[in-house]
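We have chain H; now place chain G onto it with these hints.
Protein chains: 2
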Amino acid sequence: MFTKRWLSFSLVAILSLALLFVARNSFSAPDEGMWTFDNPPVKILKEKYGFVPTKEWLDHIRLSSVRFMDGGSGSFVSPHGLVMTNHHVAMGQLQKISTPEKNYVETGFLARTREEEIKCPDLEINVLVSMENVTDRVRAAVKPGMSDAEALKARQAVIAEIEKESLQKTGLRSNVISLYHGGEYWLYRYKKYTDIRLVMAPERQAAYFGGDSDNFTYPRYDLDVAFFRVYENGKPLETPHYLRWNSQGAGDGELVFVSGNPGSTDRLYTYAELEMLRDYRYPLMLNYINKFIAALREYAAQGKEQQRRALGIIFGLENAKKAYTGEYQALRNKDLMAKRKEAEEKFRQLIASRPEWQQAYGDAWDVVARVVRKNIEFSRRSFYQNLRGYRLPSLALTIVQYVTEVKKPDGERLPGYHDAQLNELKFMLFSPAPVYKDLEEAVLRFGLQLSLEALGPEDEFVQAALQGKTPAEVAREVIAGTKLNDPAFRKKLIEGGEEAVQKCQDPLIQLARRVDPLIRRNIKKSQDEIESVLVKAREKIAQARFAVYGKDAYPDATFTLRLAFGVVKGYPYNGTRAPYKTTLYGLFDRAVSFDNQGEFALPQRFWERKDKLDLSTPVNFVSTCDIIGGNSGSPVINRQGEVVGLIFDGNIESLSGRFMYDDTRARAVAVHTAYIIEGLRKLYDAGFLADEIEGKK
Amino acid sequence: MFTKRWLSFSLVAILSLALLFVARNSFSAPDEGMWTFDNPPVKILKEKYGFVPTKEWLDHIRLSSVRFMDGGSGSFVSPHGLVMTNHHVAMGQLQKISTPEKNYVETGFLARTREEEIKCPDLEINVLVSMENVTDRVRAAVKPGMSDAEALKARQAVIAEIEKESLQKTGLRSNVISLYHGGEYWLYRYKKYTDIRLVMAPERQAAYFGGDSDNFTYPRYDLDVAFFRVYENGKPLETPHYLRWNSQGAGDGELVFVSGNPGSTDRLYTYAELEMLRDYRYPLMLNYINKFIAALREYAAQGKEQQRRALGIIFGLENAKKAYTGEYQALRNKDLMAKRKEAEEKFRQLIASRPEWQQAYGDAWDVVARVVRKNIEFSRRSFYQNLRGYRLPSLALTIVQYVTEVKKPDGERLPGYHDAQLNELKFMLFSPAPVYKDLEEAVLRFGLQLSLEALGPEDEFVQAALQGKTPAEVAREVIAGTKLNDPAFRKKLIEGGEEAVQKCQDPLIQLARRVDPLIRRNIKKSQDEIESVLVKAREKIAQARFAVYGKDAYPDATFTLRLAFGVVKGYPYNGTRAPYKTTLYGLFDRAVSFDNQGEFALPQRFWERKDKLDLSTPVNFVSTCDIIGGNSGSPVINRQGEVVGLIFDGNIESLSGRFMYDDTRARAVAVHTAYIIEGLRKLYDAGFLADEIEGKK
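Chains as they are written, first to last, in my numbering: chain H, 3 to 699; chain G, 3 to 699.
Keep in mind that the hints are not guaranteed to be accurate.
Same chains, same names: a pair is fine if it fits in one copy or spans any two.
Capping the alpha-carbon separation at 25 angstroms, the derived lysine to any residue pairs in SDA-like fashion look like this [claimed, not checked]:
{"hint": "1", "residue 1": "K485", "residue 2": "P357"}
{"hint": "2", "residue 1": "K336", "residue 2": "Y575"}
{"hint": "3", "residue 1": "K471", "residue 2": "L169"}
{"hint": "4", "residue 1": "K571", "residue 2": "F596"}
{"hint": "5", "residue 1": "K145", "residue 2": "E358"}
{"hint": "6", "residue 1": "K571", "residue 2": "A603"}
{"hint": "7", "residue 1": "K571", "residue 2": "G600"}
{"hint": "8", "residue 1": "K293", "residue 2": "R579"}
{"hint": "9", "residue 1": "K45", "residue 2": "G364"}
{"hint": "10", "residue 1": "K324", "residue 2": "R579"}
{"hint": "11", "residue 1": "K527", "residue 2": "E307"}
{"hint": "12", "residue 1": "K323", "residue 2": "V537"}
{"hint": "13", "residue 1": "K527", "residue 2": "V537"}
{"hint": "14", "residue 1": "K324", "residue 2": "G572"}
{"hint": "15", "residue 1": "K612", "residue 2": "F596"}
{"hint": "16", "residue 1": "K293", "residue 2": "E347"}
{"hint": "17", "residue 1": "K505", "residue 2": "D365"}
{"hint": "18", "residue 1": "K538", "residue 2": "K553"}
Just so you know, these hints were derived from the structure itself, not from any lab.
No experiment lies behind these values; they were computed from the predicted model shown.
Here chain H stands alone, though its shape is the one from the complex (with noise of 0.2 angstroms):
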């Protein structure tokens, strides 16, 4: 619930579905925080590791960094905007643009020449180039007097105003961000690319070897990496902001930073919300993934080309599993639990000390807990009163939504509509990418079924989706008639508006066109009942906590760029300790160890190769910066701004960072630069983009 309308296009959805507002709760320091680039922790760098950013280098780093709206992080590492990522952000591309014949997912890419260079097809990246406080006019927009409901209209209403007038005046990506829950409100403006192409990439087998057993642990052995390049007037992007490479990588100890997008963080929600996550929500999306799995691997098992397709959203599911298990065992561990309710009595004991806080903030989290817990069935049939497909289903959707919606005032539309937001929703919308026609049924069937299972045949949504039918043939009738696969059709559709939709005999459009009142529906009470009422508590307990802790904090993730900084450090584990760094010697040992099968198979260039190698090259690193789902494809940068690392995981022990932070034992997980560089000249014949990262040419 109160997704954000862009990410149901992305595998990121299912990982954000739990997501809601969120901030901070610690405020004593170890290596902790997710800190925006207005306020980094100069305080704590200062006295901790003696060390002052100027503003020269936090700027810097801001507009070397990059989002992808893939759901990820990346860096420009060459003055000619080759970026760098993880292979695990590049792959949703590397998947769009292979063939059953050109499988690049396995097979690896590398352009020899910029001609090779391929273009991605729905690709956006973004740099953040400003950012401007606008509380003070998103907070007038909410008038005495006006109930809850109307509160959180009147500020929808100004942010999407603020955020088109920047569009207009600066041609600028604008959006207005919460932060600090509320506390806050900024205006980030971003530089948008869409014309990114596909430098190289590794095999998979060797960018994410050891599988969904290794995801989310350490020691790693990845070489989880992928290069773009950023094209701007069909040439390629000459910027002066890029990070400087270091071979030499960081040492035991040393003092780095991460810029990234850590998505979501829930840190401070209400104990209360806690318990709704652990009781109802996480039970929910585990149930959910673990059938979608399932069904997956079905639609997989009929051959190598469904195997193929269907790969990049398994692969999400299982990262989403295991992030959720991770998640989940977090909520159930009653030391965190006891922790979270102590500091939150505390916290509650300090706004009840004074009566103005009391009487300001004191009630905040009863009425959290209050609407919370009143509507969660109203969240569980909610969440199954959703077509639950992969793309088309969601094409179809958003279809019928926008004819309608660009007909209202700018202030008043659906979420994802406003005018400020529709660029980047056509460009999805009419993205080239292939669609598979089985792998969509399959999908659509699935989400059909689950819901009748779960709501029962007598409810609304299932009764307006199936019409009396079953799942699979509703699903193979509305798959197996629509058009919405052609990019050309939809863009008809669009131009032809409201009534063009209504005309349209597309069976997928008569689907959402069906079920399309009841998510409105939906949608209305969440917002009226429930995120208005939430929006207006979550603000005075940020404003609470600024009363009584200060500024000297930062705000939930919300992926938007962030600043986070720590030290390269092994940690306890499995009775002994882990390294701060892992080998090819390792990545050699758990090949064999596992008999070169499954997961733990190299690829025949590692074999073919190996004594070319020197297997002494550092492979994958750890450090406790503070980062979380987001951040991947992020760089680890050293105090001179040079990148030393990639950062493409947390180990299992950083899980519960969701809700806790703690440094003893958590650890991001980052790809070496050694290893890059190893790998590209030795490995995969990339001297020379060795050399254009390494600065040599």
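Frame of chain H, contents of chain G only:
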């Protein structure tokens, strides 16, 4: 408490202080059990693995297996008396034959000819040649109407008689063993060897790579092996009973066996006893060990030679600390305790369901609970009312007791001083192994200080030991003044008998004489009021178990020969999977990952000869075989009776196995035969030894 006397001579003492009577409680079967050779798990083996061990197979394995009285296991691996065990089992002897100039622990050792093999000063090894059930005779000694204390004495007397008769008749080491918790008594006869010579040991840094950090963990990379040769009449023992070597090792999933001497398990402790361990015994032991380690570190910090002298004892303590810590965690694990409680309740309900059972056995659990709880404070005081030193104080006390005890009728003596035990006792007493007075003084000072702190200055033991002086003064005086470091002096005292000892002015003998009455008083109370009651109650529980479940079961470990079985198999760990084996790649990975520092530094020869090694050689591997401390050095054997590995440890998840077996994660860790051969040939220039082992000459 209830520690076997001989144990106090070795570090095994520390590992076994919590040892009481033992048995088993789980009768379903994964790969569970430490089976006696008279009752192998033929049914499970046949049903689960289709394997039926023949009598010849069992006999050959039993006669090829040896027990190291230093506290471990081993096996013959050539027809010329060559015995393989762990480096860490050999370590005590390695230390005893080392000097400041020739530190074989640090440098390793290789005898290039028979003449270069070094005789160990006090190593005894045993081969189990026969087993005879003497339950009826032991039971018959207990007459109706005897008190518990009288019954215990009668049992001890008849056992001493059986052992003496057997020794006189056969000349073999003869021990009556209480199995199944007093459910059965067996006379075990051992062929005993005391002319044992060191053949080969690697550097400790290769054998114990990863040190205390990696101890009790897996994945692992240790060459924990040493070779001895057994001599008889001055010549290498020629024997048809040795295990043929298989350098291929065992494959993933293969059935394997372990033949060795597990020290002790507590799987049949009643719930009340587990609570006592958790709440009193383990905290006491961990406190003692921690303080002992601190005292020894202080001693070792004085210089390199002190470090060398203290190395073995510090290793033993750290090993014990890690084992105790894991076991203590198991005891504090609510799930495990709940399972034990549930099993006990179920068992007791079954007993209660038949009046004749209830009548015969029903009260045993309450009796155990009562006596255990009643004597907690007595047990604590007894622990501290003892001479806690290293070797000299034990020698002194043994001499003082010896001369008195041997004058009594055999059946009335203190445990450990029966006629059948005197040969082994004298072997230890007259050992020519070097004694380091500065180390002895440091440890005795620590022990006296500990008693003083725990008991207070008014305690009678403390007063008898210190006589108003400080622990430091007493330790300095008695160690400086004693001649007990001279084996000839010890022999003279023993030969002089009670009169010589009474007249003896040696200050350490005098100290032992002062405390001996108190120690005897504690032993008597322990025997009369605790052990006699427990023996009877435990025998009832054992009989109840036979009545309910039959003899389709194994007894708890008793440091006698057992057969375990299982499969080679990885397991879930750290969020991912541990492989069934590790490789030399992994050894180098772990070294380089820690920058070749500290516990993870590899001996220079590994770096120099790296390119000669096949890095894909398996190093260590795991199986589900059910083992525990004392199994160190046991061979891992395949169906063909070939040795495929060498047990040296359990993983961290196996430590709860003291109380309950669980094969989902608990694993036995072994050195792979391929690594031993690769090491001998390519790292240690010991091809001739590899040839002997592989039967190539």
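Within, between, both or neither, where K471 and L169 count as close if Cα-Cα is 25 angstroms or less: This pair counts as neither: shortest intra-copy Cα distance 46 angstroms, inter-copy 88 angstroms.
Up to 25 angstroms CA-CA - F596 versus K571, copy category: between (28 angstroms within a copy, 11 angstroms between copies)
Intra- versus inter-subunit Cα pairing at 25 angstroms for K538 with K553: Within one copy, since 20 angstroms is at most 25 angstroms while 70 angstroms is not.
Alpha-carbon proximity context of K527 and E307, limit 25 angstroms: neither (43 angstroms within a copy, 79 angstroms between copies)
Intra- versus inter-copy proximity for A603 and K571 (alpha-carbon distance at most 25 angstroms): between (29 angstroms within a copy, 18 angstroms between copies)
K324 and G572: within-copy, between-copy, both or neither at 25 angstroms Cα: This pair counts as both: shortest intra-copy Cα distance 22 angstroms, inter-copy 20 angstroms.
Intra- versus inter-copy proximity for G600 and K571 (alpha-carbon distance at most 25 angstroms): between (31 angstroms within a copy, 16 angstroms between copies)
Intra- versus inter-copy proximity for G364 and K45 (alpha-carbon distance at most 25 angstroms): Neither. Shortest intra-copy (30 angstroms) and inter-copy (69 angstroms) distances fail the 25 angstroms Cα cut-off.
Same-copy or cross-copy closeness of K323 to V537 [CA-CA at most 25 angstroms]: Cα proximity of K323 and V537: none, with 29 angstroms in one copy and 53 angstroms across.
Status of P357 relative to K485 across identical chains (alpha carbons, at most 25 angstroms): Cα proximity of K485 and P357: none, with 63 angstroms in one copy and 80 angstroms across.
Intra- versus inter-copy proximity for Y575 and K336 (alpha-carbon distance at most 25 angstroms): Close inside one copy (20 angstroms) and across copies (22 angstroms); limit 25 angstroms.
Same-copy or cross-copy closeness of K324 to R579 [CA-CA at most 25 angstroms]: This pair counts as both: shortest intra-copy Cα distance 23 angstroms, inter-copy 14 angstroms.
Checked against the numbered hints listed earlier, the structure breaks hints 1, 3, 9, 11, 12, 16, 17; every other hint is satisfied.
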